[in-house]
Each structure stands twice: as structure tokens, then as C-alpha cells.
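Engineer: The chain contents come next:
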Amino acid sequence: MEGIARFFEFSGFANATPGHFLMILVGLVFIYLAIRFEYEPLLLVPIGFGMVLGNIPFLEHAGLQLGVYEDGSVMKYLYMGVLKGVFPPLIFLGIGAMTDFSPLISNPKLFLLGAAAQLGIFLTYIGAITLGFNNLESASIGIIGGADGPTAIFLSSRLAPRLIGAITIAAYTYMALVPLIQPPVMRLLTTKKERRIRMRPPRSVRKREKVLFPVIGVLVTGFIAPGSLPLLGMLFLGNLLRESMVTKRLADTARNAVIDTVTIILGVTIGASTQATTFLTRESLQIFILGAGAFVISTAGGVLFAKLLNLFLSDENRINPLIGAAGVSAVPNSAKVAHQEGLRADPSNHLIMHAMAPNLAGVIGSAVAAGIMMGSLL
Amino acid sequence: MPSFNQLLPVDFSAITRDQMILAIFGYMTVICSLFLFFMLFSLIPALRNRRFRKKFEQEGMPEISNRIVPGEVSAAIALAVSLYLEELHDQETSVLTIKKIGKTYSPWNSKIYNVINFNQGKR
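Top to bottom, those sequences are chains A and B.
Going letter by letter, the first sequence gives residues 135 to 512 in my numbering.
Going letter by letter, the second sequence gives residues 3 to 125 in my numbering.
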């Protein structure tokens, strides 16, 4: 009889709290959004399932070694890759190996849009300070505005490991919800005439330029913000593997096996880290609110800067300000959103290739911002 | 359920001068570093064009124009090359190759052994 009572004590039913059910529900919503609407399914399916997994109630600290926060549990070992910032550089390696930077190389002025859209990072940093977060935590929260999950994980693992779960979930949630967050801001800040601007087709890019890009990139960013090297070093290495054309096997492994493996483990452990007993706090809610603000500010920063650039550009070189919104580095979601908005204004105006340029510049910009924060605050 | 003020207790006096400077300096540094990229990658095609122009001038060949090849033209050339390499063509040779399909029957797969003669009993 005692055994049965003990079994019940250890079961999920005896340990469930409303928080657990709420988080399981959120996880199921993530899975639904990913499958039904295809919002970042590669991220939301593992994260959503991880949330369900991490919120199955159990008797904590009873030596079961189950949860992501329990010593000796398998999930904790996997989560170490997040906590120690191991996964983000590997993801950047894969991104570098799968990305063609030609749209950016062919129209270098679009680098500036990727920089402008980092406004949200620094304003949210100030915003977080006004809410009582300390300097390091505020910088980690601010990086959500970069719309770059791996960078958010990397910086918060260094500056505020305590908040890593909330920051990462906020970053990935808003990255997935880019199609809902960005369009109203884009429409608010642009006129219909501006949304119809047709951009010059990009020029063709030579192989030598493509090979030079990662080499120059790592030197420039490395010297300016060495803190960004673990991320950008791997990004540019992956790109060199791709563009050199002599390391096809390595490039293939980086853009398939490596990034897929890491994405699965990262997604599940990040999801599992939202264990209701440690995740559902006022701070998490504040981080979510600040994160939403960061996304809106970054989007606005990119769009407004594109409008500012247009004041100095000739008619044939003008930029469609919608692609400024793609300066947040949610690759390729925000570029797709800019493209869709462009099509709504003019069904024959295809902006996707132009929008990819600030999108990729945003990846570099947010990693540089993270490097600057690390260099200044650690 | 916490009230709005409890959830977002905004205190602007918490911002120090150093933090403001860091925010402004950080944003400016991001812009400057990507501006450097812009400068470098604007310079590379210009240098390349200059080198080619010099080369052609020395060799007495007609000067190349700075005309940019439109994306549509590049796409058409790429498609043509790709079709050529994959040996796809618009006109087929009209020769059909009929493959002989041979089936060897055995008691294990022959249809005749699987037919159940339902009407057998009625005869």
C-alpha cells in the first residue's frame, strides 16, 4: 500500500500546478502555430515539444534526475550547450554554410539598414534599466531586439545566465511571430507610393568577391568587437567553406548535419527550461513585454533609416523602405514579410532578393552589438 | 494578478550617464562597423573595373562599358547552361524505347493459384 502511495506521490497528477498546465498549453500552441501556419516550424516544433516535456510535473529534488535544472539529469547535460554558449557558434557555422551573401555584396549600401535596425537593442537596454534590471541583465534583454536567437542565447549565457530561458523563449517567439508584429509597423511608417518603389536589379557577383567577403568580414568585425568572434568567426568560416568550393563535404556537413542536430537539442532544451516552477515569474513577463517593444523599435529603425537614405539617393537607386524592416535579423522570415508587403502594394514588385541583403546585414549587426555589450560590460 | 504599475514599475532616474553613453556609443559603433563594410565592398568593384580598364587600354582593346548585366539576362544564361549540361532539350528524338517486361511465374506469384472459384459448388 505504501508503494502505491509513493507511486502516486511521484506521479504528475500529485505534483501538477496551474502553472504546469499553462506552460503545457503554451507549448501546444507553439506546436499548433508551427504546423498549421508554418511559423518557424524548425524552431517552434522542438521548442513547443520541449515545453510540454519540461512541464510534465514531477516531484522535484527527490533524486529522480529528471528536469533540466536537476543535477545529473540528461536534460541538464544537453542544456549545458545552451548555458555555456556552445550551440550558438555551431548554429552560426551552419548559417554561414547555407547563406549566399551576394545580395548584400552586390548592393553594399544595404549594410546600413542592417545596422540601423539594431536600434531596438540599445533602446530596450535602457528600457530594461528603468524596470530595475541590472546592467548585465538589461544588455541581455536588449539583444532580443536583434531578433537573433543564437545571439540572444550567447549573450545571456555570458551576462545573465539566470534569465537565459525567458530571454531565449521571448526571442524565438517573436522571431516566429514576425509576420504578425512587423506589417502594422511597416504600413504605419510608409506611404503606399513608397511601398511601390521598384529597386534596381542586383548586379552579378564574382566568385572572388564572395571568397573575399568572409575573410574581410572576420577581420573587420574581429578587430572592432572581438566579443562577437565566437559567433561571427563561425559564420564567416561556414561561408568560406561554402564559397571556396573546395570544401564541399565540410560545407554540406555544416549546413545539414551540424545545424540540424544542434537545432533539435537547442530547441528541446530551451523549451524544457521553461519549467513552470522557475519560469513563471514577473521578470519573465517583463522580459516578454520588453522583447515585443524591442522588435517594434528595431523594425521602425530599419524602415525610417531606409526613408532617410532615400533623401540622398538618385531616383534609380532608391530603396523600398519596406526592406528596412528586414534589417532585424530574423532570417529569412523578416525578408519574406517585406516581400509580402511589397506584393500587397504592387503584385509585380518582388523584393525578396533585395530584402535578404539587410536581413543578412542584420545578422552581422546584432552579433557586433552583442560583442560590444560583452566588451563593455564584462 | 499584478497591476500595470507593479508589472512595469518604470523608474527613469535609474538610468545613469554611463549607461546612456554605452547605448549611444554601442549603436554608433554598430553603424560605423557596417559602414566600413559598405565602404570596402563599394571599393572592390570600383578597383576591379579600374584594373580591367587599365588592362584593356594597354592591350588596345575597346574599353568595356560599366553596364550592369540585368538579373533576368543572368538568369536566362544560367538556365540555358544548366539545360545544356543536363542535356534537356525542347525537341525530343521521337524514338520510343520499348522495354520488354518479362514476368516469370511460379506457383508463389501466379494469379491462377489465387483465383477462388466461388461458383464451383453450384455446377
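Calculated directly from the structure, the hints in this document are not laboratory data.
Any given hint could be a false lead.
Stretch-level coverage of chain B by chain A, calculated; a stretch enters the list once three of its residues show a Cβ under 8 Å from a Cβ in chain A [claimed, not checked]: (1) 8 to 22; (2) 28 to 38; (3) 70 to 84.
Values in this document were obtained by computation on a predicted structure and should not be read as measured data.
Note that the Cβ used here is the ideal one computed from N, Cα and C, for glycine as well.
Engineer: Next step is simple, just say for each hint if it's right about the structure.
Structural biologist: Against the structure, the hints come out as follows:
{"no.": "1", "hint": "8 to 22", "in the structure": "holds (count 11)"}
{"no.": "2", "hint": "28 to 38", "in the structure": "holds (count 10)"}
{"no.": "3", "hint": "70 to 84", "in the structure": "holds (count 6)"}
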